[in-house]
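K.L.:
Protein chains in written order, with our numbering: chain A, 5 to 287; chain B, 4 to 314.
Calculated directly from the structure, the hints in this document are not laboratory data. A hint or two may mislead.
Here are the simulated DSS-like pairs of lysine-lysine, each with C-alpha atoms no more than 27 angstroms apart in a straight line [said to hold, decoys possible]:
| hint | chain 1 | residue 1 | chain 2 | residue 2 |
| --- | --- | --- | --- | --- |
| 1 | B | Lys282 | A | Lys172 |
| 2 | A | Lys235 | A | Lys139 |
| 3 | A | Lys143 | B | Lys282 |
| 4 | B | Lys282 | B | Lys294 |
| 5 | A | Lys172 | B | Lys294 |
| 6 | B | Lys157 | A | Lys139 |
Listing some non-contacts, in silico: residues in chain B with all C-beta distances to chain A over 12 angstroms [said to hold, decoys possible]:
| hint | residue |
| --- | --- |
| 7 | Arg50 |
| 8 | Lys211 |
| 9 | Ser268 |
All C-beta atoms, glycine included, are put in the ideal place defined by N, C-alpha and C.
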Amino acid sequence: MEKKEILSLKRIATNIRKGILRATCSAGSGHPGGSLSITDIMTYLYFKEMNVDPKDPRNPDRDRFVMSKGHCAPVLYSTLAERGFFPKEDLTTLRKTDSYLEGHPNMKSVPGVDMSTGSLAQGISTAIGMALAAKLDNKNYRVFVGMGDGELEEGLVWEAAMAAAHYKLDNLICFVDYNGLQIDGKITDVMNPEPIADKFAAFGWYVQSIDAHDYNQIEQAIENAKKQKGKPNMIVAHSIKGKGVSFMENQAGWHGVAPKPDECERGLAELDAYLASLDKEEQ
Amino acid sequence: MAGNIATRQAYGEALAEFGADERIVVLDADLSKSTKTDIFMKKYPNRHFNMGIAESNMMCAAAGLASCGKIVFASSFAIFAAGRAFEMVRNSICYPSLNVKIGATHAGISVGEDGASHQAIEDIAIMRSIPNISIISPCDAVSSRFAVKAAIEKEGPVYLRFGRLAVPQIYDENATFEFGKGVTLKDGDDVTIIANGLMVQYALEAAKILQEQDINARVIDIHTIKPIDRDIIIKAAKETGCIVTAEEHSVIGGLGSAVAEVVCSEYPVPVKMVGIEDKFGKSGNPYELLKLYGLTAENIAAKAVEAMQML
């Protein structure tokens, strides 16, 4: 990818991160940590890769995205708003009684949300149905999935993993946002899901491991996935929980706690400073 | 009249009969020979998917298929469809109100020899409490065919409850049904017996027993438990003054509860319930089990008399 394009994606991702902070701060609850860690992947998907149209969010031929770790609704909403599916101002209505922005994604109320999620592992499982439907109808849309690493502790993930390989769903591209932390601490302490890549490979998936914050690596992995035939794709994306906001990075405590107004301001200031540095880099 | 046919058999045959619709996809969880979706599979192999022994994944995959425009029938035994996969049905199918039809077979204790682990006696209670879902529990082959047709035509989640046991034909081949509307099988003005599923035959037998005692019982088949036909229940309460319900399900949360909810709020009259009295089933011959658990014409008749004595 050219430097200019990477800078552009970084700028968009930073704006999405700002939306995550504003939304969760306004709500007074929500999940910023895992939202920030998967932001770069979301940015690449919605601004470079996926065939979606904000003016026609239900187009039957569109690519789908399922946020299997539904608690990361803030990054999904912020990405969709940035992409033009609904006004960015609405992000601060997140989780409020009169808002359509439910705490976890609701496909019936939020334009651009392809599946209602929230209960972990159900997202990847529904994505299998979508990928199967594409095969059945001879359509070439792809189904992308964002999963958490802690989510892999759910048994349903492995039922889904088996089915995806059995039906050779190579139109399914999943990302594990591997930030290493879940609510109660390190995933390796709570219930170790390692070795993640080996497990999916053993289940018959085409597995790649990348840096979740490196756009060239994200692009390369998706291109590789598109080329291979006959296997579902798992991209294990090593990430930093809370990425982009210094005091949130690598802290399990920011899994499900919203920033207070002063913390939000500090975070926004950091992200604005980063935006300014990107401007400088471009010049 | 044709010989006895299990409602699950009629389910499989109806799927095959209506299966020409390209939108219809059938999923099973390694039980296609028992749920009878294999009949559909033989006719439309490319639209039948075996999801293996993984009911939770099957329900979510069904939701995903439905989100892409498919009418999905997801089949398993009632205990796994409503029990094991409850939360997937709730969150992935019912919350977004997706077009998934749950074909739940082997409901109730008439599963017989397999015993309590496989006898769903709480599935209607569980499903009934979830918003957006409809529930049909047909009593014979003719009404089962209707149930499948109604499920195809009705947008959104539908739970279809079928049995393992062959049951007598209650309806004429040309009978017509309406989704959400009960059927008065026999008129009467002393007491009303409201039944569904395999208990409908015993409700009709109970009416004959009562007739011998000069009690004229009305018999209603409530095939659609949700949404329930409030009008037919209220009319029965007003005109006959008392009600007995009969179901092959726990008395907690099923048809009896649904009828009582309507009666209590609209026109309170005595309601007696015949069903499984808050206990697990057991292994045994299905007909012996039905007797052992009081799911008999005699018990319905006795409860009818009790209900009348409360007036």
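K.L.:
Hey, does B/Ser268 actually stay past 12 angstroms from chain A on C-beta?
P.N.:
holds, 28 angstroms
K.L.:
So if I understand the rule, the pair passes when the alpha-carbon distance is 27 angstroms or less; does A/Lys235 with A/Lys139 pass?
P.N.:
Since the Cα atoms of A/Lys235 and A/Lys139 sit roughly 13 angstroms apart, the hinted pair holds (cutoff 27 angstroms).
K.L.:
Sort out whether B/Lys282 lies within 27 angstroms of A/Lys143, counting only the CA atoms.
P.N.:
With a Cα-Cα distance of about 50 angstroms, the restraint between A/Lys143 and B/Lys282 is violated, given a limit of 27 angstroms.
K.L.:
Does the structure keep A/Lys172 and B/Lys294 at a Cα separation of 27 angstroms or less?
P.N.:
violated, 50 angstroms
K.L.:
Take a quick look at whether B/Lys282 and B/Lys294 sit within 27 angstroms of each other, Cα to Cα.
P.N.:
holds, 15 angstroms
K.L.:
Decide, holds or violated, for the assertion that all CB atoms of chain A are farther than 12 angstroms from the CB of B/Arg50.
P.N.:
B/Arg50 not clear of chain A: closest Cβ-Cβ about 7 angstroms, inside 12 angstroms.
K.L.:
Keeping to a limit of 27 angstroms between CA atoms, is the pair of B/Lys157 and A/Lys139 held or broken?
P.N.:
holds, 26 angstroms
K.L.:
Tell me if the straight-line CA distance from B/Lys282 to A/Lys172 falls inside 27 angstroms.
P.N.:
Roughly 44 angstroms separates the two Cα atoms, so the pair is violated.
K.L.:
Would the non-interface assignment of B/Lys211 survive a Cβ cutoff of 12 angstroms against chain A?
P.N.:
Non-interface label stands for B/Lys211: nearest chain A Cβ at 49 angstroms, farther than 12 angstroms.
Of the numbered hints listed earlier, those contradicted by the structure are 1, 3, 5, 7.
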